[in-house]
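*Asks:* Going line by line, the protein sequences match chains A and B.
Numbering-wise (our numbering), the first sequence opens with residue 1 and increments by one.
Numbering-wise (our numbering), the second sequence opens with residue 1 and increments by one.
Ranges of calculated distance between the beta carbons of each label pair, as one might list FRET restraints:
no. : chain 1 : residue 1 : chain 2 : residue 2 : range
1   : A       : L13       : B       : Q147      : 28 to 34 Å
2   : B       : T22       : A       : M111      : 47 to 53 Å
3   : A       : L79       : B       : K176      : 41 to 47 Å
4   : A       : C158      : B       : N13       : 19 to 25 Å
Calculated from the structure, these hints are not laboratory results.
None of the values given here were measured: they were computed from a predicted structure.
The C-beta atom is built at its ideal place from N, Cα and C for all residues, glycine as well.
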Amino acid sequence: MHKKLNGRVLAGLVILSVVLLVAMLAPVLAPHDPYELGIPYLRPSAEHPLGTNDIGQDILSELIYGTRISLLIGTVSALTVTVVGTALGILSGYLSGWVDRVIMQMTNVAMALPSLPLTIILVAFLDASVWNIILAICITAWTSTARIIRSRVQQLKCLPFVQIERTMGASGAYIMLRHILPNLGEIVFVRAVLSVGSAMLTEASLSFLGLGVIGQKSWGGILHYAFFRNGIINGAYWWYVPPILCISVSVLGFMLLSYYGDGSAHGRDRKEKGNA
Amino acid sequence: MLEIEEVSIHFGNNPEVVSDATFTVNGGDRLAVIGETGSGKSVLLLAVLGLLPASARITGSIQLNGRELLGCRERELNQIRGKEIAYIPQGSGNGLNPLYTVGHQLCETIQKHRHCTRKEALLQAAALLESFGLEHGESLCRSYPFQLSGGMRQRVLIAMGIAAGAELVLADEPTKGLDRRRITLVEDAFHRLGERTLLCVTHDLRFAKDISSRVIVMYASQQIECGDSRSFFEEPLHPYSRAMLAALPEHGLHATMGFAPPRRDKDARRACRVYERCPWRSERCRKAPPLLAVGERKVRCWKYAD
Numbered sequence: 001m002h003k004k005l006n007g008r009v010l011a012g013l014v015i016l017s018v019v020l021l022v023a024m025l026a027p028v029l030a031p032h033d034p035y036e037l038g039i040p041y042l043r044p045s046a047e048h049p050l051g052t053n054d055i056g057q058d059i060l061s062e063l064i065y066g067t068r069i070s071l072l073i074g075t076v077s078a079l080t081v082t083v084v085g086t087a088l089g090i091l092s093g094y095l096s097g098w099v100d101r102v103i104m105q106m107t108n109v110a111m112a113l114p115s116l117p118l119t120i121i122l123v124a125f126l127d128a129s130v131w132n133i134i135l136a137i138c139i140t141a142w143t144s145t146a147r148i149i150r151s152r153v154q155q156l157k158c159l160p161f162v163q164i165e166r167t168m169g170a171s172g173a174y175i176m177l178r179h180i181l182p183n184l185g186e187i188v189f190v191r192a193v194l195s196v197g198s199a200m201l202t203e204a205s206l207s208f209l210g211l212g213v214i215g216q217k218s219w220g221g222i223l224h225y226a227f228f229r230n231g232i233i234n235g236a237y238w239w240y241v242p243p244i245l246c247i248s249v250s251v252l253g254f255m256l257l258s259y260y261g262d263g264s265a266h267g268r269d270r271k272e273k274g275n276a
Numbered sequence: 001m002l003e004i005e006e007v008s009i010h011f012g013n014n015p016e017v018v019s020d021a022t023f024t025v026n027g028g029d030r031l032a033v034i035g036e037t038g039s040g041k042s043v044l045l046l047a048v049l050g051l052l053p054a055s056a057r058i059t060g061s062i063q064l065n066g067r068e069l070l071g072c073r074e075r076e077l078n079q080i081r082g083k084e085i086a087y088i089p090q091g092s093g094n095g096l097n098p099l100y101t102v103g104h105q106l107c108e109t110i111q112k113h114r115h116c117t118r119k120e121a122l123l124q125a126a127a128l129l130e131s132f133g134l135e136h137g138e139s140l141c142r143s144y145p146f147q148l149s150g151g152m153r154q155r156v157l158i159a160m161g162i163a164a165g166a167e168l169v170l171a172d173e174p175t176k177g178l179d180r181r182r183i184t185l186v187e188d189a190f191h192r193l194g195e196r197t198l199l200c201v202t203h204d205l206r207f208a209k210d211i212s213s214r215v216i217v218m219y220a221s222q223q224i225e226c227g228d229s230r231s232f233f234e235e236p237l238h239p240y241s242r243a244m245l246a247a248l249p250e251h252g253l254h255a256t257m258g259f260a261p262p263r264r265d266k267d268a269r270r271a272c273r274v275y276e277r278c279p280w281r282s283e284r285c286r287k288a289p290p291l292l293a294v295g296e297r298k299v300r301c302w303k304y305a306d
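The whole structure should be built from the sequences, with the hints applied where relevant.
*Replies:* Encoded structure:
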């Protein structure tokens with residue numbers, strides 16, 4: 001086995017491949033049109049494997065289509081957050097001085113803001129389109145990536161090879177891009193993967209509060225209707241349990257993937273024990 | 001070539017780590033700066049390169065071929081570093097970026113300062129490695145730093161330092177962390193530097209003797225002796241230098257006791273800084289001695305004042 005692909009990472013990869021496939025093949029996989037109205041409150045049956053909601057929409061189909069929005073918002077936000085956080089982290093860690101002070105002040109302010117209420121306010125004021133929701137998620141989510149990258153860059157900066165690059169006349173931009181960034185690879189990856197998980201959770205919370213993308217199915221949105229249209233009070237477990245499971249399992253998939261590169265020591269231990 | 005005049009360096013409000021360093025490195029010189037850990041020698045090298053942290057305060061003047069380096073802008077320094085001043089760091093550990101091959105890192109420097117294609121740069125890199133006694137330069141270029149031994153890495157670093165063709169080479173304890181046999185290899189590599197001017201900081205006396213033509217001894221932030229290498233190793237003038245050479249195995253391992261005075265001890269630093277350890281000390285040593293000329297050589301000791 002590749003030393004960086006341990007069991008946890010593989011499990012994560014399997015989960016995420018399934019989620020991705022479902023999202024891509026939604027029209028093929030969904031047994032019904034998720035917007036089609038029918039008989040409300042049907043229990044799970046062969047016709048509707050997960051039953052129907054209060055206006056008779058097929059819940060399995062809703063879930064399958066919901067994968068698309070959750071995954072899209074999760075990955076795009078995470079990508080943005082990671083790019084912004086990494087760039088700011090490298091700049092402030094490497095340049096230090098006033099650049100560092102300005103960026104760190106920004107980070108501190110963004111960290112001190114209560115992120116969920118801020119996001120809610122933003123979404124409430126902006127139109128509830130996919131891009132506005134992504135923007136609202138990103139506005140506070142880059143901070144921890146920036147802090148983590150910054151401290152790692154401060155460490156890297158002091159390593160002899162970076163100093164030596166400077167003694168050979170390499171410019172700051174060159175060192176940051178060609179020598180520091182590649183050495184951050186695994187941290188950036190792990191942060192990105194974890195960011196997807198947390199962005200998906202934020203999206204679910206927003207949708208649950210009714211601030212999600214209007215007119216599109218999402219897991220949080222299904223929960224929203226299950227809650228506000230008495231699905232939970234009426235004991236329609238087939239309505240509210242599946243979206244919770246979907247959110248948890250796919251977030252878990254990303255969490256597992258973040259163990260990439262982490263298991264080499266673990267794997268070696270096992271091998272040594274096997275030999276003994 | 002390199003003129004250092006009354007250079008003093010301190011960090012923040014702390015006492016000086018280098019006091020009034022004044023010396024000249026002429027073209028073709030091989031100058032070794034000897035001193036115990038903490039005597040300020042490495043800081044001096046970094047000052048020449050303009051790589052001290054922002055908290056450092058430097059006074060005095062450092063001129064390279066008549067051009068003042070102190071107060072130079074970062075962009076100008078980037079042009080000087082590598083091209084006019086080469087730097088060879090301590091070999092142990094992370095001197096090379098672990099993610100790139102040796103050849104890649106050598107080419108980087110070559111291509112920055114000489115305009116040539118990747119292929120030409122690679123050929124030059126391989127030739128450069130071979131000129132330092134590293135065999136199979138080409139396959140070495142394809143290896144990653146972790147595949148090399150400590151002695152090989154140090155020689156790669158030497159090659160990398162001079163890859164851009166600088167005339168002045170600064171080396172910071174190039175033998176640190178290497179065993180005697182590897183040190184011999186590094187000595188050999190230094191002899192291959194040819195006509196280049198060398199300023200090498202070290203606390204390896206045998207290494208200094210082997211590679212240098214002139215010697216400066218630093219003690220507690222001060223230069224205490226300078227002169228040509230041969231007469232220094234035959235007949236050191238300063239009592240500290242004498243004690244230091246007597247501690248070599250071939251001279252009977254007579255170790256000197258004691259330490260340099262702490263930087264915060266102002267009284268001790270106003271007196272001769274070797275006072276506590278000096279066998280010749282007398283009342284006048286309560287006052288700091290100046291750097292006195294003795295023939296061609298200089299020494300900071302009252303004994304030579306008469």
